[in-house]
Amino acid sequence: MRCETLSTQSRKNPYSGIVTFLTDFGAEDGYAGVMKGVVLAHAPGARLVDITHCVPRFNLCAAALILENSFPSFQAGSLHVMVVDPGVGSVRRHLFCKAAAHFFIGPDNGVLGRIAELNRGSVFEIDPALLGVTKASNTFHGRDIYALAAGKLLAGLDRSAFSAPITDPEVLQIPEPCEVEGRVEGEIIHIDHFGNLITNLRTQHLGEGSCVCLGEERLAIVSSYSELEEGKPGLILNSWGYYEIACREGSAACLLEMRVGEKVSVKP
Amino acid sequence: MRCETLSTQSRKNPYSGIVTFLTDFGAEDGYAGVMKGVVLAHAPGARLVDITHCVPRFNLCAAALILENSFPSFQAGSLHVMVVDPGVGSVRRHLFCKAAAHFFIGPDNGVLGRIAELNRGSVFEIDPALLGVTKASNTFHGRDIYALAAGKLLAGLDRSAFSAPITDPEVLQIPEPCEVEGRVEGEIIHIDHFGNLITNLRTQHLGEGSCVCLGEERLAIVSSYSELEEGKPGLILNSWGYYEIACREGSAACLLEMRVGEKVSVKP
Amino acid sequence: MRCETLSTQSRKNPYSGIVTFLTDFGAEDGYAGVMKGVVLAHAPGARLVDITHCVPRFNLCAAALILENSFPSFQAGSLHVMVVDPGVGSVRRHLFCKAAAHFFIGPDNGVLGRIAELNRGSVFEIDPALLGVTKASNTFHGRDIYALAAGKLLAGLDRSAFSAPITDPEVLQIPEPCEVEGRVEGEIIHIDHFGNLITNLRTQHLGEGSCVCLGEERLAIVSSYSELEEGKPGLILNSWGYYEIACREGSAACLLEMRVGEKVSVKP
Chain E
20 MRCETLSTQS RKNPYSGIVT FLTDFGAEDG YAGVMKGVVL AHAPGARLVD
70 ITHCVPRFNL CAAALILENS FPSFQAGSLH VMVVDPGVGS VRRHLFCKAA
120 AHFFIGPDNG VLGRIAELNR GSVFEIDPAL LGVTKASNTF HGRDIYALAA
170 GKLLAGLDRS AFSAPITDPE VLQIPEPCEV EGRVEGEIIH IDHFGNLITN
220 LRTQHLGEGS CVCLGEERLA IVSSYSELEE GKPGLILNSW GYYEIACREG
270 SAACLLEMRV GEKVSVKP
Chain Y
20 MRCETLSTQS RKNPYSGIVT FLTDFGAEDG YAGVMKGVVL AHAPGARLVD
70 ITHCVPRFNL CAAALILENS FPSFQAGSLH VMVVDPGVGS VRRHLFCKAA
120 AHFFIGPDNG VLGRIAELNR GSVFEIDPAL LGVTKASNTF HGRDIYALAA
170 GKLLAGLDRS AFSAPITDPE VLQIPEPCEV EGRVEGEIIH IDHFGNLITN
220 LRTQHLGEGS CVCLGEERLA IVSSYSELEE GKPGLILNSW GYYEIACREG
270 SAACLLEMRV GEKVSVKP
Chain V
20 MRCETLSTQS RKNPYSGIVT FLTDFGAEDG YAGVMKGVVL AHAPGARLVD
70 ITHCVPRFNL CAAALILENS FPSFQAGSLH VMVVDPGVGS VRRHLFCKAA
120 AHFFIGPDNG VLGRIAELNR GSVFEIDPAL LGVTKASNTF HGRDIYALAA
170 GKLLAGLDRS AFSAPITDPE VLQIPEPCEV EGRVEGEIIH IDHFGNLITN
220 LRTQHLGEGS CVCLGEERLA IVSSYSELEE GKPGLILNSW GYYEIACREG
270 SAACLLEMRV GEKVSVKP
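Chains as they are written, first to last, in this note's numbering: chain E, 20 to 287; chain Y, 20 to 287; chain V, 20 to 287.
Hints in this document: simulated from the structure, not taken from any laboratory. All clues stand as given, with none of them false.
As the list makes no split between identical chains, a pair holds if one copy fits it or if it spans any two.
With a cut-off of at most 20 angstroms between alpha-carbon atoms, the simulated SDA-like pairs for lysine to any residue come out as follows: (1) LYS171 with PRO147; (2) LYS154 with GLY260; (3) LYS251 with PRO105; (4) LYS154 with VAL241; (5) LYS117 with PRO147; (6) LYS171 with ALA95; (7) LYS154 with ARG221; (8) LYS251 with ARG76.
Take the sequences, apply the hints, and build the full model.
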């Protein structure tokens, strides 16, 4: 009996109480703080965590990469509010998404659809009117719709009260390595705070004895930054599961003047 | 009876438990974290939210604009600690302010006085000795006075124990649009993270058929960023209730090389 | 009896529930948020505070200075996670440290050893296997070891379950003023967000009538920034207990073009 009750409860409120935020709002204007105010006004016990507010403006690939490599560190039932939203105020839809035992809220621009696809999740379209939005701005749906939805969900409102399943969300593609003339060709997909050049190459792309070259230079594959010679870049498997080009206590991005999108090829 | 008890309680502790912070301390030195440590030492259950720590150094207008457009998103009874404080260590007073069902703490430099004036609030001068401050630094009243006051208020200390009403706080003026030769003339009052040029023009300043021009160029008035042609600036009503000059997925500030204080006139 | 029970409890869980973070991870990539996710997954009631994530990359002196001047503002029993970690993935040890009634977790690179030495604390080496780490990345021990340790400690795991005392941690030296030809010579040890040049000179280094000169220019010693003439630098005792060279509403670092490590001498 008791078990059943608990199970009913957890079916009713499957949320951990953690709400994370990932935006390109920056830190200057109070936009992120305002979203937290809205969540707390509806869910006073919510525990709020910033993933980042420094996604490069309008950069959906960076948003997707950071979100999909960050959310699994949170406990199941966490609710992730993603507001990189170049289409704010236009007709693009508002989404709620369940995937990998986590929950996501944000605009329909490919980031949430991608997470749903990668994790066989479900996607729902939010109807702002059903959510109780009477007057939304056309420039800040993070405050007027997404934070409100997060707060109300944590306060006990069921997602079915304001959203319905859809099957055609936008799905963002992030380049995968491909085979070109018998060689695996990857590319730089992200540059982090340390100037590490994160490629889309994973362990399965580097066979034994194979190596990655920049021009004529073969990159040493090392297992820690400390193994690198100073000023000489190398390859290391990073915490997201990708190989990154790194320098010891320096920025590979500055040293090599490489950017997101540049190709990196694997030699067998 | 029960109602009366509750009402007495809420008269005793009118705080929501939320404390927000708005400073120009930046993120580098731990100054903001230290203020939170002080609040939590006195009020372990406080819920802390950063509005921003990236107000341009000593910029009271930016502080005021961000604060007055952010605090209403928090629930009533929230306590907002504002420490943009070029006069720290001088004779300027320390204020506690009640306005619009919110509470504010900070130096007497116009920001809190303005919020009190706009919202018909009350202002009180804090006496640090009565607050229990025995030895304050002359460079960090955010830690030594304002965070301490916030923590003690949330812990149950009544504001009357350490502050007394005043009627002459500094009141910051932010330029309002004015009429020049029969035309409404506004100006840029803030530039946000996206490079949007926020003017002081509101809906009442733009009559039907009127428009805003930059030189000879008439700005399109749009209802979402997506309606803008790329590279062509337009005017949009933003989430603070002001018209802003914006670009689609770009920075109007960079494109137009405009700054805070530059004039923008409305043509009838 | 009751007293004994309480005392046993507090011996069992001496933590305040506050976890602070001090890293050089920056705000862009979600690394800091991920550490919080790990802590909360193990200790749902933890209260998390950022000291800073903007320590200059790999800069242990800055990390040490900020940490030792920030942690005392938190209540006793707080747990401070310090991850400026150029040696991540190498053989350097993982430390848990008790000092000044606070707790610290981080790599063995001198920062925690210094805090232990200054405060006569105790240092313990963490064994990741005993902590339950099965598969750590080689690039992000903040997530895989330090946040996990923090979460498990707050959840009730005793530090003795995964760490053993050591007596030889690395101890970082930050330059102290010294006597050169009968004069006290200090130096700039940190530059803060406002461009204040923080020296290692304390009250004991400036006798009555003595002064600090830059070249021929004698710096006025003032008790608040407001006493300074605009554009003219002066000396002020700051909130960390050091004398700093400051400008009124301006950056002394920009005005004087001085850097960390430059000498400042006291004239008697």
